[in-house]
Structure formats: C-alpha cells, structure tokens
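Straight run, no breaks: the sequence shown in the numbering used here ends on number 125.
Treat the hints with caution; some may be incorrect.
Cβ-Cβ distance ranges computed for the label pairs, FRET-style [stated by the list, open to error]: (1) F120 to R93: 29 to 37 Å; (2) G21 to G92: 34 to 42 Å; (3) W78 to W35: 17 to 25 Å; (4) R31 to R86: 22 to 30 Å; (5) F120 to R86: 40 to 48 Å; (6) P89 to S121: 19 to 27 Å; (7) P81 to S121: 39 to 47 Å; (8) R31 to G85: 24 to 32 Å; (9) L115 to V54: 42 to 50 Å; (10) D17 to W99: 14 to 22 Å; (11) A16 to P95: 24 to 32 Å.
Derived from the structure by calculation, the hints contain no laboratory data. By construction, the Cβ of each residue, glycine as well, lies at the ideal position given by its N, Cα and C atoms.
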Amino acid sequence: MATVGLAAAGVYVAAADPLRGGVYPACPFHRLTGWWCPGCGMTRALHHLVTGDVVAALAANVLFPVVLVLGGYLWLSWVWPAVTGRPVPSLGRVPSGVWAGAVAVAVVFGVLRNLPLAPFSALAP
Numbered sequence: 001m002a003t004v005g006l007a008a009a010g011v012y013v014a015a016a017d018p019l020r021g022g023v024y025p026a027c028p029f030h031r032l033t034g035w036w037c038p039g040c041g042m043t044r045a046l047h048h049l050v051t052g053d054v055v056a057a058l059a060a061n062v063l064f065p066v067v068l069v070l071g072g073y074l075w076l077s078w079v080w081p082a083v084t085g086r087p088v089p090s091l092g093r094v095p096s097g098v099w100a101g102a103v104a105v106a107v108v109f110g111v112l113r114n115l116p117l118a119p120f121s122a123l124a125p
C-alpha cells in the first residue's frame, strides 16, 4: 500500500510542476529563517527527474542522487524480504564515520548554498 502511495505521489509531482504551483508543503526551515536547507529543491529535483531533465534535477539539488539512492535502498530493504524471503544487508553495517561524513557534507552544503558569493549561489535551488 505504501508503494502505491509513493507511486501516486510520483505521478502527482510529475504532473504538477512545483515551480508553477500545486499543493506542496513549504520547507519549515526556509519559512522560518529564509535560508535554504540541504533538502530545499528536492521536490523540484524529483519533478525534473521524472519528466526526464536530469541536468535540471541536479541543478535543483546536487544531493538529490544521494537521497534517491538511500531512499531506494531503504524501500528495497523493506520490500525485498517480503518478495524473496531473504534480507537485504542492513545500513547498520555502514561505519559510523561514513554517516558522520554524510551529515557533515549536508551541513556544509546547507551553509554554502546560502552564501551570496558567485560560485556558491549556484547551489541554491
């Protein structure tokens, strides 16, 4: 049932361009501070990806592929055992330093995309 819900959400995001409106939740961090969080632009990136514009998806949020792969892995680790009866290796086996590095990259990305300097302003969605 959750897979059907995700598919329906994907169809909606493909049909309703977030740049032109639609019913999308606002980022609470951006609404509160006016700054872009590391996740700002993910909905736009998903829209661009499902409509076939990979370059625009990366321009909306360069962390989108990482989040997409991680989300796909989490979904697969939930569905795969139900289909095959065999578990998928747990993300708990990933060293804690990798997770700390991922969090550090997200924080640095969040800071850099809010700087008004020319090379970093391109990171804003």
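Review point. Which numbered hints are broken by the structure, listed smallest first?
Key: When the structure is compared with the hints, numbers 3, 4, 6, 8, 9, 10 and 11 turn out to be violated.
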